[in-house]
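Enquirer: Could you build all of it, start to finish, from the sequences and the hints given here?
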Amino acid sequence: MKNLLILICVLFSSVSLFFSFLKNPEHVSSTESTLAIIDSTKIIKNSLALNNIGQQLKEQSFELEQEFRKEMDKFRLSQEEIDLLSEEAKKEKQEQIERDTSQIRDHYTKRASGLDHNYNDAINSIVNKVKEVIKEVAESEKIDLVFEKNVVWYLKNKIDLSDKVLESINKVMPKFDLKGVK
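In the numbering used here, the protein residues as written are 320 to 501.
Below, simulated PhoX-like cross-link-like pairs (lysine-lysine); rule was C-alpha separation at most 20 angstroms, straight line:
#1 K450 <-> K490
#2 K377 <-> K494
#3 K498 <-> K377
#4 K454 <-> K361
#5 K361 <-> K490
#6 K498 <-> K429
#7 K483 <-> K494
#8 K483 <-> K361
#9 K477 <-> K461
#10 K454 <-> K468
#11 K364 <-> K483
#12 K483 <-> K461
#13 K498 <-> K448
#14 K377 <-> K389
#15 K450 <-> K361
#16 K454 <-> K483
#17 K429 <-> K377
By construction, these hints were calculated from the structure, which means they are not laboratory data.
A quick note: this is a predicted structure, and the numbers were derived from the prediction, not measured.
Expert: Shown next, in the form of structure tokens:
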């Protein structure tokens with residue numbers, strides 16, 4: 320799901336770049352245009368920063384889940400403790416446990432939502448950096464227009480910038496710190 324979001328962002332960026340290019344055709348005459356492609360799937364799969372935040376998300380999600388379970392375990396009463404309580408005390412205890420566990424669930428749901436929000440912000444930052452790198456590589460290679468590989472059915476003289484973009488993005492952004500949630 321997360322990779323699909325990244326792929327959609329990169330595809331959208333490619334299409335946006337294409338249409339902005341079409342708005343200003345005076346930049347390039349049709350006989351001098353140099354076209355290239357990028358493989359966003361390859362970039363996503365091999366980006367050090369994207370892999371890094373994916374790992375951080377797993378770790379932080381695991382820690383959050385462990386904290387939640389530990390908090391919830393505090394409310395588990397043994398059968399012996401329950402048997403010792405009067406009916407009224409059992410009912411009172413049960414109501415208190417339900418209130419407390421509901422608050423804990425709400426708290427951890429908010430934290431998980433915050434973690435997802437931070438992850439999405441990180442993805443957007445990385446995608447923006449990838450766009451910058453694509454532009455820099457294209458300019459250095461004197462490429463006029465870059466398409467996503469999956470939207471091009473045929474290109475006679477195929478120039479694939481994926482490896483150069485990937486090398487450059489991994490160089491400028493080898494990792495990315497995913498903000499934790501408190």
